[in-house]
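Chain A is fixed; fit chains B and C onto it per the hints.
Protein chains in written order, with this note's numbering: chain A, 1 to 323; chain B, 324 to 832; chain C, 833 to 993.
These are calculated hints, taken from the structure and not from any lab test.
Check the hints yourself; a few may be wrong.
Footprint (simulated), chain A over chain B, 3 or more residues, beta carbon under 8 Å [unchecked claim]:
(1) 361-367
(2) 452-465
Residues from chain C that face chain A, not an exhaustive set, calculated with beta carbons under 10 Å [stated by the list, open to error]:
(3) L983
(4) Q984
(5) V985
Calculated from the model, a selection of chain A residues having no Cβ within reach of chain B, i.e. all distances over 10 Å [stated by the list, open to error]:
(6) V32
(7) Y60
(8) E63
(9) G72
(10) D113
(11) S116
(12) N139
(13) S140
(14) Q142
(15) A199
(16) E233
(17) M243
(18) A274
(19) S301
(20) E304
Glycine residues also receive a C-beta, built at the ideal position from the N, C-alpha and C atoms.
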Amino acid sequence: MRKRYIGTALLAVSTLLGTTQTMADDYPERPVSLMVSYGAGGATDFQARLVSMMANNENYLGEPIVVINKPGAGGRVGWNWFASDAEADGYTLAAYNVPHFIAQSIEGGVRYDADSFEPIANWGADPAVVVVAADSEFNSIQELLAYAVENPGKVTVSGAGLYVGHHIAALQIQKAIGGKLAYIPTKGGGAAAMKAVIAGNVVAGINNLSDAYRAREAGNVKILAVADTQRSEQFLPDVPTLMEAGYEVDNASVNYRGFMVPAGTPTSVIDFLASRVPEMFSDPKVAEQMAAGGSGVQVMSREEVHAMWAARQETLNDLLANL
Amino acid sequence: MEFLQHFGGVFEPLSFMLLLGGTIGGLILGATPGLSPTMAVALLIPFTFQLPATQGLILLGAAYTATVAGGAVSAILLKIPGAPANIATSLDGHAMASTGRGTQALHVSFLASGVGGVVGVLLLIFLTPVLSRWALAFGPSHLFWMAILGVTVIGSLDSRSFVKGLLSGCLGLWLSMIGYDDIQGAQRFIFHDSLTGGVNIITALIGIFAIPQVIEMLARGRCEHKVSTVSVHRQSLLESLKLLLANGRALSIGTFVGSIIGLIPGVGGQIAGLLAYDQTRKFSNDPDSFGKGNPAGVIAAESANNAMVGPSLVPLLTLSIPGSPTAAVLLGGLLIHGIFPGSDLFDNYPDVAWTFINSMLIGQILMVIFGIWVASHAARVAHVPPPIMAAAVTILALFGSYSVQQSMGDVYIMLALGVGMYLLEKVGFSAAPLVLGLILGPIAEANFIQGSMIANAMNGPAEYFLSGTLNLLLLILVLASIGWSFFSTHLANRRARNLSNTAEVSLES
Amino acid sequence: MNPDTAESMPLSRVQHLVPAAAVLALALIVAWVSFTREPSEAFLFPRMIASVMLLLALWNFIRASLGLARVGDGLTRKGVGAITPGLCVIVLLVYVAARYLGFYSASWLAFLSIYSLYDPASHTLFAVWVKRVLITTAFLSVIYALFSLLLQVQTPRGLFI
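Bound conformation, chain A alone:
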């Protein structure tokens, strides 16, 4: 009789204890967190919530993904935490923004670089675009940049922060025209930078394609150029790339977003995620919602993301070394 009690008690204790050893086999067995290093309501947060909404489906993770926001300093706060404090057990994922975190790690003062993280998959690509207010005197990118060459340092350009995609695009444009722009980083992300353009606080702005597309639909801005190697056929077929307009600006500033885990996460967990997550991103329901919000989808596998990270690292090393 007593033995049976002890047996039951031991069973109860072992179910409470047995969390770490058998993890890799039946992963995931509880909800998974996804850390977003920007505030709730920003483009990254919004898209992260969209692409992870199907996670509960048995074909994908079979457990829900819960978004946690750790905003601050253009993403440095969240990624610092992720690199040094997050447990590498597969239950804490993070959204990456390239080129942001790579540029920040080159600039220094942070606890991470590309080797601190393991990519899982990419869900979207959001190129930077050059915008001016709807009532601006500038109607083409050539007019704006010619004015900037004549008046060095007088053209104020708002963007979401230092060492984020928008800043990289501004640096590339400066290099291409051999002139100087007054880049104004804003606190509060792309939305605040866009407000500065619409309200006329600044001459022009560099912003996300998805936000600029929406602002143009609302009749608030003109989009002058896209900082990518090809036009956005889906959303802005009429807007030229900077390359077409005659400026040597490639796609280094395109904001790629995806999932990653901390380095040191068990290989079996990484493999599981790398096989399931891209399928989740490609779910028709996700694609439909993303398109409705004006966000470009570009699903890339773990290998493709690895290659993309390495390519960015090289470009940015060159670009930022010249500063």
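Relative to the frame of chain A, chains B and C by itself:
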């Protein structure tokens, strides 16, 4: 009057159920420490995936309204402001609750919220085109002056010592600079690892208000207490209604300030309550009674908080610019249904837009009804013995501060700030100015730096910050506010000196 | 319990002077850090704040040493004695138990300890302990339902949840 045609949509069975659920859920989430309205609305977004656009927005609109008002419950009963908006509410609300007028404080808080909220939504309905231009008028230089105007309130928040009040404000401003600098990305004042993320405002609120409260309860030791922390006598709704009407001035100041401030993107919601509280106190015949349980304080703060809700959506609905974090989350709720807010929102999707706005109007009324029902149960909190109360507030503070960013570092910061604040309060420093500094520091700094950068590309900072009607108007308001603070402390000192003189004379004779 | 009588009791000289000195020291540290660290653009605003803070702290210290404005209730020996055990429990559980036992288990222990330490009822009665454990468990169940089930907050896990 187009909005009247769309009232029917709100009363369809599913819509009304969602409205009801959103309101009740919002009140509960709003009353939970650590859950700001922004987080509450963000948590609801996944639920709206499954719903048609109109219904999804009804849920979000109702939840937004109710969480803002629900924060008053924990502010009044536990002295834990759920969000920065409720700080001013806790000043007089908790003082009322600890002198046996908890139900009344909740009553007037919800009634004032309802009045302010309805006025705010009506402004949204009728004046949106006019107001949207006003919202864009505020550039970095104006927002900087707005933040400074907020800082000047510090002088009048502390009636005990002028220097210590200002010094508390400075401490708050300094705390807000800890961590990575948002614009340059430089590390500042990171003395401990958990400070890299800076001091989160919600975490700080919980620590600064709840922990001293807990320690105060512990300080009474292990003895029989007849006095409990919060006591509630029976108070009729009618009496509370009379009280609200008797404080018409506080109600109108709150509603007015809330609606105006709510419009300004980036500043509004956080300081509307405190500015309204400060104005009401300055216009009051008896400014010394504030902070000691004057219902006018609660009325001004809560009417301002909810009056801000409607106008804060103006920039979002007309210009597609989210003026506050909550508006940004609501924008997400619109986008997943392929609805792009903008000047033509009301032409393209009249049913969605108007049903959303109407649901906020009806939501305000439902919120008042359920709020008053909650108030009638507040008596139960009063019967909780202090040891259980202390333990419960501690656990709520731990969970609240942890869940903001799911970080243990925040819990450590919360505890350290709480214990520090207890000691500081004991020697005459105060929490309210400190928190105000903490909120306004980043706004003032970011706009100052941004303004200077723009100014350098133009004609220099002096012209940028000091020219233009709006800049000058705000500057005059700042100077008037500082002048009034000096003048009123001078008056108070003289009154106190006269009083003590007469007291001494009477003692000597 | 009239708040006026509590406030009119002047703070003792030591309790008035020591915090003023401490705040002055803090202001000095903040000013020193602000004016020595680089990049200077990032420390522009902290320098402004630090200067004002130093000025105010100095003013406050001078007033304190003159014995002016002794506002606040101060700390009493009895009060500190009553606070210490409860505060120790909280600090210990947050810093140690949350990591090794798990957030909910630590909170359960913290609730029970604070409640029991300050509960005037006798510690030797069995029924009292049953009541304490029941109330603690009930409260933590509500917290679990709210934060873990409804809001899906992931709390630190140790030996238990």
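Hints, one by one, checked against the model:
1. 361-367: Since three or more residues must qualify, the claim that chain A covers the stretch 361-367 of chain B holds, with 3 doing so at under 8 Å.
2. 452-465: holds (count 5)
3. L983: 9 Å, holds
4. Q984: 5 Å, holds
5. V985: 8 Å, holds
6. V32: A:V32 clear of chain B: closest Cβ-Cβ about 12 Å, beyond 10 Å.
7. Y60: 15 Å, holds
8. E63: The claim stands: A:E63 keeps its Cβ more than 10 Å from every Cβ of chain B (closest is about 14 Å).
9. G72: A:G72 not clear of chain B: closest Cβ-Cβ about 6 Å, inside 10 Å.
10. D113: Given that every Cβ of chain B is farther than 10 Å from that of A:D113, nearest at about 15 Å, it holds.
11. S116: At about 15 Å from chain B, A:S116 clears the 10 Å cut-off, so the statement holds.
12. N139: 21 Å, holds
13. S140: Non-interface label on A:S140 holds, nearest chain B Cβ at 22 Å vs cutoff 10 Å.
14. Q142: 21 Å, holds
15. A199: 4 Å, violated
16. E233: For A:E233, whose nearest Cβ neighbour in chain B is about 19 Å away, the distance exceeds 10 Å, so it holds.
17. M243: Nearest chain B Cβ is 27 Å from A:M243, so the label holds.
18. A274: Since the minimum Cβ distance to chain B is about 24 Å, A:A274 lies beyond 10 Å and the statement holds.
19. S301: Per Cβ check, A:S301 is outside 10 Å of chain B; nearest 26 Å; holds.
20. E304: Non-interface label on A:E304 holds, nearest chain B Cβ at 27 Å vs cutoff 10 Å.
Checked against the numbered hints above, the structure violates hints 9, 15; every other hint is satisfied.
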